[in-house]
Amino acid sequence: MARLRRVLIANRGEIAVRVIRTLREMDITSIAVFSEPDRTALHVLMADEAYPIGAGPSRDSYLNLDRVIETAKRVRADAIHPGYGFFAENEAFARACAAAGIVFIGPRPETIAALGDKLAARSAARAAGLPLVPGSEGPVESLDEAKVLGREIGFPLMLKAVAGGGGKGMRIVGSETELEAAWSLTRGESQAAFGDDRVFIERAIQRPRHIEAQILADSSGRVVCLGERECSVQRRHQKLLEETPSPALDPAQRASLGEAACRIAAHVGYLNAGTVEFIADERGEYYFLEVNTRLQVEHPVTEMVTGIDLVREQILIAEGESLLGGGDPPAPRGWSMEARIIAEDPAMNFMPSAGRIERVRLPQGPGVRNDAGIYRGYEVPVFYDSLLSKLVVWGADREQARRRLLRALDEFVLEGVRNNIAFHRWLAAHPEFAAGRLSTRFLDEHFQSSMLAPGAEALDLALITAALHARGESQRVALPNAPGDVRSAWRWADRSSGRSR
Amino acid sequence: MARLRRVLIANRGEIAVRVIRTLREMDITSIAVFSEPDRTALHVLMADEAYPIGAGPSRDSYLNLDRVIETAKRVRADAIHPGYGFFAENEAFARACAAAGIVFIGPRPETIAALGDKLAARSAARAAGLPLVPGSEGPVESLDEAKVLGREIGFPLMLKAVAGGGGKGMRIVGSETELEAAWSLTRGESQAAFGDDRVFIERAIQRPRHIEAQILADSSGRVVCLGERECSVQRRHQKLLEETPSPALDPAQRASLGEAACRIAAHVGYLNAGTVEFIADERGEYYFLEVNTRLQVEHPVTEMVTGIDLVREQILIAEGESLLGGGDPPAPRGWSMEARIIAEDPAMNFMPSAGRIERVRLPQGPGVRNDAGIYRGYEVPVFYDSLLSKLVVWGADREQARRRLLRALDEFVLEGVRNNIAFHRWLAAHPEFAAGRLSTRFLDEHFQSSMLAPGAEALDLALITAALHARGESQRVALPNAPGDVRSAWRWADRSSGRSR
Amino acid sequence: MKFWISLEGRDAEVEFRSEADKVWIEVDGKTLEADFHPLPDGEVYSLLVNGHSHEVRVSTVRDQLEVSLRGITFPVEVRNPIEKVLKGLTRASGAGTGETIVAPMPGVVVAYRVKPGDLVVPGQAVVVVEAMKMQNELMARHGGVVTEVLAAERASVAAGQPLLKLKAAPMPDAAKPAVA
Amino acid sequence: MKFWISLEGRDAEVEFRSEADKVWIEVDGKTLEADFHPLPDGEVYSLLVNGHSHEVRVSTVRDQLEVSLRGITFPVEVRNPIEKVLKGLTRASGAGTGETIVAPMPGVVVAYRVKPGDLVVPGQAVVVVEAMKMQNELMARHGGVVTEVLAAERASVAAGQPLLKLKAAPMPDAAKPAVA
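Residue numbers (our numbering), protein chains in the order written: chain A, 6 to 506; chain B, 6 to 506; chain C, 190 to 369; chain D, 190 to 369.
The set of hints was computed from the structure by calculation and includes no laboratory data.
Some hints could be false.
[Stated by the list, open to error] A short list of chain A residues far from chain C (calculated; beta carbon distances all over 10 Å): (1) 10; (2) 80; (3) 121; (4) 136; (5) 175; (6) 224; (7) 239; (8) 260; (9) 332; (10) 336; (11) 420; (12) 468; (13) 472.
[Unchecked claim] Residues of chain B placed beyond 12 Å of chain C at every Cβ, according to the derived structure: (14) 48; (15) 83; (16) 134; (17) 142; (18) 160; (19) 209; (20) 297; (21) 326; (22) 381; (23) 383; (24) 435; (25) 446; (26) 458.
[What the hints assert, rightly or not] For the chain A half of the interface with chain C, some residues (derived, Cβ under 7 Å), not all of them: (27) 103; (28) 107; (29) 126; (30) 129; (31) 363; (32) 391; (33) 456; (34) 459; (35) 467; (36) 469; (37) 471.
Glycine included, each C-beta is placed from N, C-alpha and C at the ideal position.
Take these sequences, add in the hints, and give me the full structure.
And the structure:
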């Protein structure tokens with residue numbers, strides 16, 4: 006296949022910026038697309054070229070398939086990088102690219118389709134000999150069948166929507182009596198959410214760890230694994246902090262997990278970069294979960310320890326080159342962690358936040374990498390997800406990486422939009438985290454938002470600051486609130502809701 | 006020796022910030038000192054503690070030995086990190102620390118003294134069996150002796166002040182006839198500049214490369230070399246871009262240069278981090294130049310390929326620990342380059358520039374490290390050197406590092422102070438640089454400032470921009486210049502001087 | 190100068206003095222001294238308190254004064270003594286006169302959990318607003334009886350836009366806010 | 190709208206039209222179209238010219254308009270046609286009336302290379318100013334006869350401070366500036 010010259014990025018925010026960087030290093034013209042509110046987004050400023058594709062809501066722009074394809078054709082893009090989210094795992098989009106004679110930088114459409122279906126993925130995994138969480142072979146047809154399975158597998162178990170994903174459409178069932186209610190609820194929700202009421206059953210794992218393997222596969226059929234990432238620290242099924250390697254695996258487990266990931270990739274004839282997700286129980290036994298047929302948000306930690314540019318590999322593979330230039334994966338060096346810096350308000354139960362970045366000073370120096378989608382003065386739009394930046398650190402070992410993360414969080418200045426920097430500071434300083442004892446229930450077990458309340462020193466500083474402010478404008482001090490005053494009402498409401506969790 | 010708890014950094018700017026970062030990662034209290042104009046400098050904002058030490062001029066603050074030592078004692082610092090410059094290679098300061106019971110994080114005072122004297126250093130190198138540029142054994146007593154040597158060594162040769170350094174007090178002499186004038190001139194200048202008129206003679210090397218070896222030595226007497234750096238690209242003897250490894254050395258030469266560096270370090274009983282500088286001729290033969298008894302500005306490139314935090318090693322060594330935890334130096338991985346981002350005006354013959362940082366967006370993403378001393382709104386003071394930031398990149402090989410450097414320079418936004426970003430873009434894109442054909446004469450041979458003149462597209466953009474500005478304030482357009490108008494006069498003068506070089 | 194400053198439920202009388210780059214404040218009997226210097230990008234100060242270096246920011250979001258430091262932002266109120274008294278009065282009557290729930294950020298009203306006439310207890314979730322692809326419950330602080338619904342479901346709402354009005358209803362004291 | 194814009198020795202008449210976020214300029218017969226949007230931190234614009242993305246900045250340093258893009262900064266002058274004419278006149282006489290050498294940045298006067306009465310040729314170095322630990326020679330553009338020395342040696346001088354006055358002296362045309 007010919008060398009790519011012009012690549013359109015069908016995405017926005019930090020991942021679009023991330024892809025632009027590698028394109029520039031490869032001397033390939035980077036083409037951004039943007040919605041109206043994104044006219045001055047960082048990916049527009051940084052791309053070689055940028056073209057409008059519609060209004061703010063994703064469906065009118067970044068998820069407007071015809072508009073994106075039409076634009077790519079008009080500007081003579083010879084390939085499209087989908088980033089993650091939006092069209093990244095969309096079979097129809099991949100097919101539309103092919104139909105338009107544009108290279109889709111990712112797996113083949115049929116692979117996306119096959120692995121997008123949870124049950125098809127499960128049976129592929131079974132066929133490839135991957136360990137699966139004990140559960141139903143396929144959709145469970147009736148409540149009675151569900152009860153029988155329940156007795157076999159044992160409670161608690163998981164009711165999962167076949168069409169679900171990302172934590173949506175799943176429910177833990179503690180006992181056979183709970184099963185009856187859960188059965189109809191889950192099917193109803195699944196029907197409503199995904200237009201598909203099929204559900205299946207899995208054993209519920211008590212304190213699961215989320216561990217995933219990064220794979221690359223090229224058109225010659227060669228598959229390699231570039232190690233694993235642990236992403237156990239999550240809130241509402243959203244990953245918050247990822248690291249590699251996983252502190253949970255010993256070398257034997259690591260090797261076996263990597264081989265398992267390569268097996269399923271080879272089995273489905275995978276192409277390009279992908280991630281095989283597993284859950285591991287407390288004994289370190291791992292079970293296949295699903296395959297993400299795209300670049301992951303957390304891919305940088307793998308880049309930090311391997312020195313490999315995954316986006317570059319994606320592009321070379323799409324050009325028909327052999328992955329890693331035909332060489333073997335390098336031995337990973339050291340440890341890496343990524344903290345997702347998100348626009349959310351810890352005092353309001355981590356509700357997403359928007360607004361203008363009034364002041365920003367990204368952490369810098371040894372072992373620190375920022376993948377940011379923001380800059381000073383940038384208005385964070387309300388239409389898209391609330392990931393502002395990814396703070397990635399590298400250390401010679403886990404402890405150096407953790408201390409470096411703390412250091413970087415300490416020097417991180419980000420004001421104007423509420424964010425979770427203080428939360429990450431709490432997390433990185435937590436003894437259980439330092440000990441690597443993680444699970445997807447970490448926050449349930451250890452976190453309360455009161456832990457982010459300012460300490461005595463902070464209050465003294467706030468007093469000084471408030472006094473300086475008052476001195477500055479003693480004449481402009483606000484009048485006492487009117488009865489039933491709007492502003493204070495909602496503030497108190499929000500604060501109490503935040504504190505009450 | 007006991008663990009260090011409170012370390013004072015007797016420096017400012019990016020290197021003070023650099024040291025603070027490692028101290029924080031080691032959980033050591035970082036103590037900054039600052040001159041009046043540096044009250045809001047980044048190292049003051051980032052340190053745990055910060056104390057004033059006097060007025061703007063260095064001699065009144067950062068070079069005020071008594072004030073610095075007195076402050077360190079008053080705030081109960083148990084060690085001082087000198088950074089580079091200021092007191093970094095000052096024997097008296099190191100002794101003053103010892104006298105005050107404060108650990109000096111660097112070599113022993115006598116080592117600093119011994120290696121600070123060029124001739125003593127040369128004889129130490131000779132004794133340790135290092136290759137030296139053919140020249141006089143010691144100071145040359147008379148013009149006649151100089152002539153004799155000239156015939157032995159051959160012209161062109163170098164007349165060097167014994168007390169000189171950093172390019173000062175040296176003169177190339179092309180022939181015996183030139184020697185007479187040069188002899189008295191050099192001695193006179195040397196007397197005036199250093200209060201010491203002793204000079205010595207070396208063979209002049211035509212297109213020298215500057216290659217230096219990074220060493221670490223601990224109190225057990227163990228010495229290791231962490232590879233070399235090539236710093237050949239210089240202007241007025243100021244390094245502009247450094248890289249590791251050096252494209253000039255083959256593995257055998259690299260090993261032999263490293264061993265030579267360790268030999269002289271061992272010979273003088275070196276302690277802590279240091280750099281042994283060599284010059285190499287076009288055949289790859291290298292000769293000992295001098296030893297820098299401090300951390301170098303360009304140390305980050307070594308950190309990028311080894312994964313070692315050199316400041317951390319300095320501190321552990323100062324605590325009496327064995328270097329690298331007793332382990333062997335890791336095999337270097339990949340390639341790293343550092344571009345010094347300097348406040349200077351390419352249109353005014355690279356005259357240093359000062360002022361306010363109006364807008365800054367540091368490059369980020371994979372393989373990019375910034376060691377910056379600035380932030381938006383910061384006033385660059387006129388008292389200190391003009392290094393604003395160090396842009397450091399890593400790549401799997403030299404070409405990836407070079408392309409990444411170009412990419413990072415492309416996304417670097419730095420406005421309000423004239424700087425050399427465009428110059429570095431020219432450099433990194435130059436075919437001779439890409440080919441690794443470097444020498445300290447690189448700029449003399451390849452650069453003219455007209456090469457930084459804006460191209461046709463830039464002029465079109467400038468027209469559009471100027472028009473937008475005029476539209477915005479068509480009423481505020483400046484009146485025609487008065488005769489002999491001040492502003493335009495100096496501007497033209499400066500521009501012509503810039504262009505004329 | 191004298192101020193009343195309330196933050197994080199702490200209500201303090203602050204005596205304030207400043208001179209050049211130095212500021213002294215007296216609060217709860219203790220004296221705090223700081224060297225301060227303004228920084229760019231808003232009302233930001235570099236503070237040196239006994240040599241300890243801090244960056245702090247003051248901002249006003251929808252009339253609410255906030256202080257940010259080390260990634261934590263929390264509301265502060267500054268009043269002079271007379272206002273303090275008035276405030277006390279209005280506060281007392283505040284809970285008695287009802288409250289308005291507003292959208293804290295731009296988004297879409299997903300669903301109301303209550304309808305006019307419903308009795309709402311303090312801390313009860315009353316409306317769900319979707320913003321940035323996440324659903325968020327807004328709660329009433331004082332509670333009361335729902336009098337008005339001010340925005341339709343599925344409607345896009347701006348930050349600060351009123352969604353729901355509550356009329357005060359008698360509450361057990363326990364339900365009264367600890368803060369204030 | 191119409192302007193005369195001079196930059197890098199190029200002197201162009203520019204016809205200018207704008208509408209919402211779009212701007213069109215006509216210069217030397219060709220038309221340039223751009224989509225523009227202001228960015229923070231000064232007068233900064235994001236330009237899309239045929240889809241190509243650029244960030245440009247305009248600033249005024251000591252009355253001199255400058256444009257910065259991709260790390261290059263260069264002076265620009267914008268005038269309307271009438272001014273253009275006047276300018277022409279004053280320019281012509283400019284060289285004839287002498288010049289003043291000023292310090293381009295804060296520093297210390299190290300040494301004067303000339304004294305009152307000396308004849309200075311165009312481009313000749315007249316004074317050395319040390320700034321940021323480097324010595325820098327300032328040159329005269331038109332040259333002439335030194336009339337006044339305005340700052341003492343070793344004196345600290347501010348940016349823009351006059352150092353030396355020259356009275357015009359007859360010059361061969363060759364010495365006249367090519368630019369302007």
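Checked hints:
| no. | hint | in the structure |
| --- | --- | --- |
| 1 | 10 | 35 Å, holds |
| 2 | 80 | 28 Å, holds |
| 3 | 121 | 20 Å, holds |
| 4 | 136 | 33 Å, holds |
| 5 | 175 | 17 Å, holds |
| 6 | 224 | 35 Å, holds |
| 7 | 239 | 14 Å, holds |
| 8 | 260 | 38 Å, holds |
| 9 | 332 | 40 Å, holds |
| 10 | 336 | 36 Å, holds |
| 11 | 420 | 5 Å, violated |
| 12 | 468 | 6 Å, violated |
| 13 | 472 | 5 Å, violated |
| 14 | 48 | 10 Å, violated |
| 15 | 83 | 16 Å, holds |
| 16 | 134 | 49 Å, holds |
| 17 | 142 | 52 Å, holds |
| 18 | 160 | 57 Å, holds |
| 19 | 209 | 50 Å, holds |
| 20 | 297 | 31 Å, holds |
| 21 | 326 | 29 Å, holds |
| 22 | 381 | 6 Å, violated |
| 23 | 383 | 8 Å, violated |
| 24 | 435 | 37 Å, holds |
| 25 | 446 | 42 Å, holds |
| 26 | 458 | 32 Å, holds |
| 27 | 103 | 29 Å, violated |
| 28 | 107 | 28 Å, violated |
| 29 | 126 | 24 Å, violated |
| 30 | 129 | 30 Å, violated |
| 31 | 363 | 5 Å, holds |
| 32 | 391 | 5 Å, holds |
| 33 | 456 | 11 Å, violated |
| 34 | 459 | 5 Å, holds |
| 35 | 467 | 4 Å, holds |
| 36 | 469 | 5 Å, holds |
| 37 | 471 | 5 Å, holds |
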